[in-house]
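J.: Here is what each chain is made of, one letter per residue.
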Amino acid sequence: MQPFRFDLCELPGETEGLREEIRAFLAEELKHVPKVTRAQTWSGSDTEFSRKMGAKGWIGMTWPKKYGGHERSFFDRYVMLEEMLAAGAPVGAHWIGDRQSGPLLLRFGTEEQRQKILPRVAKGECYFCIGMSEPDSGSDLAATRTRADKVDGGYKVNGTKLWTSGAHTAHYMIALFRTDSAPEAKHSGLTQFLVDLKNTDGITIRPIKDLAGNAHFNEVVFEDAFVPDGMLVGTEGGGWGQVTAELAFERSGPERYLSSFMLMVEMIRELEKRGGDGAVEIGRLVAHLVTLRQMSLSVAGMLEKGENPALEASVVKDLGAIFEQDMPVRAHELLGMAPTVGEGNDYEQVLGYLTQTVPSFSLRGGTREILRGIIARGLGLR
Amino acid sequence: MNELQTILSDSVNGLLSERVTKALVQKAEEGEFPAALWNEVEANGLTRVLVPEEQGGAGGTWADAAIVLKAAGEHVAPLPLAEALLANWFLVQAGIEVPDGITTLLDGDFTLEGGKLSGEAPHAPYGRHAAHGVAIVKGEVALVALEAAKIDPGINVAREPRDRVTLKAAPATAKKASLPGNAMKLYGALIRACQMAGALGYLSTQSVAYANERTQFGKPIGKFQAIQQQLAVLSTQAAACGVITDHACAQADKRGSDAAFEIAAAKIRVDDASSIATSIAHQVHGAIGFTYEHGLHFATRRLWSWRAEFGAGRDWAETLGRETIAAGADALWPHVTAR
Chain P
1 MQPFRFDLCE
11 LPGETEGLRE
21 EIRAFLAEEL
31 KHVPKVTRAQ
41 TWSGSDTEFS
51 RKMGAKGWIG
61 MTWPKKYGGH
71 ERSFFDRYVM
81 LEEMLAAGAP
91 VGAHWIGDRQ
101 SGPLLLRFGT
111 EEQRQKILPR
121 VAKGECYFCI
131 GMSEPDSGSD
141 LAATRTRADK
151 VDGGYKVNGT
161 KLWTSGAHTA
171 HYMIALFRTD
181 SAPEAKHSGL
191 TQFLVDLKNT
201 DGITIRPIKD
211 LAGNAHFNEV
221 VFEDAFVPDG
231 MLVGTEGGGW
241 GQVTAELAFE
251 RSGPERYLSS
261 FMLMVEMIRE
271 LEKRGGDGAV
281 EIGRLVAHLV
291 TLRQMSLSVA
301 GMLEKGENPA
311 LEASVVKDLG
321 AIFEQDMPVR
331 AHELLGMAPT
341 VGEGNDYEQV
351 LGYLTQTVPS
361 FSLRGGTREI
371 LRGIIARGLG
381 LR
Chain D
1 MNELQTILSD
11 SVNGLLSERV
21 TKALVQKAEE
31 GEFPAALWNE
41 VEANGLTRVL
51 VPEEQGGAGG
61 TWADAAIVLK
71 AAGEHVAPLP
81 LAEALLANWF
91 LVQAGIEVPD
101 GITTLLDGDF
111 TLEGGKLSGE
121 APHAPYGRHA
131 AHGVAIVKGE
141 VALVALEAAK
151 IDPGINVARE
161 PRDRVTLKAA
171 PATAKKASLP
181 GNAMKLYGAL
191 IRACQMAGAL
201 GYLSTQSVAY
211 ANERTQFGKP
221 IGKFQAIQQQ
231 LAVLSTQAAA
241 CGVITDHACA
251 QADKRGSDAA
261 FEIAAAKIRV
271 DDASSIATSI
281 AHQVHGAIGF
291 TYEHGLHFAT
301 RRLWSWRAEF
311 GAGRDWAETL
321 GRETIAAGAD
331 ALWPHVTAR
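Chains P and D are the protein sequences, given in the same order.
1 is the number of the first residue of the first sequence in this note's numbering; add one for each residue after it.
1 is the number of the first residue of the second sequence in this note's numbering; add one for each residue after it.
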């Protein structure tokens, strides 16, 4: 028997009203946004847009009302996510807080942390980044070395976090620090903290340009940065388990197969002009798209039921990344047009952006090899 | 699973896992039809899942049928179970009484004149063993006894009988049914896709089991990352096929033949997965999996045959792609989310 369970999950009919509302909103908001900008989807950031989404009640949709949430279903949230992604809305500013850090605080945060932070996240005013990777700790996350040493009233932090997406705009980092350096405490010596990036001395954030010249991620250096006791998240030494739970959220959403969707759409637009060439290739892509959506919906169904879809999420993310990364390859084979930067038609520019971006899709949020290792463990091989 | 699905699953998996032995499949490939097993399959009602209860069936849905179809693929049952299940459903659509015994699908060019069926099905599954055949001619479902048919035996790569069945003015029971013009190919693709999803699940579990048993360099080969990564890929492909075939069946229940979109997607997806999965399964099994003695090939040869039956993935992809391009770039997302 396969260790995964993908039960079909049909979105309830009442989500359709929300879908229409979101489509109307996006048609207006994105009217003048170029396709190449839209192609960034959840890597694209626009704080004004995030505030508008907050005002619409589309951030923290499933959270309790007392923390600024809207107590809607995971299905409503799923519809919101897939509509935003398919349209290429600039949801990047609030994305991490909505997807990951908010749910983490709901689960492990203190009452004070929740009350202070979550309502602002839900308004689209407060943004998060994730401090996991380090110079010597990438896939081997438990090799985290950035230390949080106990001092009076809090912790003194020293070390470096790397590849921290959005650290330059975020208000808070959810950081994984080492609170016990004993060799036997590799996993049990890790603790999660909330770090106030805007009001803490001893933190230096330096942008790192990616290969396309964009600066989405950063190096964040901590030099005797003081983090108060009240900013510890969950339990001291419980960081590993908390991070693992958090990664299930990070890996489960429709963003794990829709990141190249804009290119698929523009490819079809090009083919329309060519009178039906490329039908076989497009048909294949549609079949994979439909399959991935059903798998992704199945994971959403598990979340709605309160089940843990960690393994299933890894399966969808692995297959989704293949699909996303394959898109520029298919486009190139089919149309042979040169990818462009700053000129050319929508298709050429979107191709230019995604050709350069897709290598990151099987790195971010757990590499392909790590995910397959998780799947292999699920299969009983390790 | 609902109650009927649990009963069906227990029944079909219990029967086939016990009775479809390597020896039985091997004998079938040598031409010895497992008639006793077939009789039990029929006695358990497995060919009548889609037949209403008042006509002696289970009154099931395509979602229920998927369980039987997948099991037939998973256990490499050398029987025309999927074909009979579909043939019986066609008969039900036309209000024709479902006969006992093997009824196969006659996919080919046929004409109906004055209640007489003429024409040829070049690759009728198990044609030589079938008592009846079902053809679809211009919206009419035709049931015909095959005793007077000319049968030229043939096989596919899996050595399943694929016989040329030629009929000349054979008396048929024919009635109009509300089915699309390509019903034979469309629903044929659905049953094959489900069988293939089952066979792919088997490839995954079998390959994992083998990797845990086979020792090289002092440890089971499944302990090597190179093998683990390959098996992870195989399992995800199988998982994807399980989902899309379930989805296609659910949509067939919901939309009837308007589920052509999902059925096409399913056949395309399992075709793609078959190429990846058969390659990995054989690589993991090494030389032993390439022998006739080892049973792996019963599944892989079926997948290589089935992926081209009732429309290869590329054929369905061409249809789906044409429709997608014709509808226009901006119609894709609304279409996908409306289903």
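FYI, nobody ran anything at the bench for these hints, they're computed from the structure.
Among these hints, one or two may not hold up.
Unchecked claim - No farther apart than 20 Å at their CA atoms in a straight line, the calculated lysine to aspartate or glutamate pairs in the EDC-like style are these:
hint, chain 1, residue 1, chain 2, residue 2
1, D, Lys-223, P, Asp-140
2, P, Lys-35, P, Glu-48
3, P, Lys-305, P, Glu-14
4, D, Lys-254, P, Asp-7
5, P, Lys-273, D, Glu-323
6, P, Lys-31, D, Asp-330
7, D, Lys-254, P, Glu-10
8, D, Lys-223, P, Glu-48
9, P, Lys-35, D, Asp-330
10, P, Lys-273, D, Asp-330
11, D, Lys-254, P, Asp-140
12, D, Lys-254, P, Glu-16
13, P, Lys-186, P, Asp-149
14, P, Lys-56, P, Glu-29
J.: Going through the earlier hints one by one, which of them does the structure break, listed in rising order?
T.: Of the numbered hints given earlier, those the structure breaks are 8, 11, listed in rising order.
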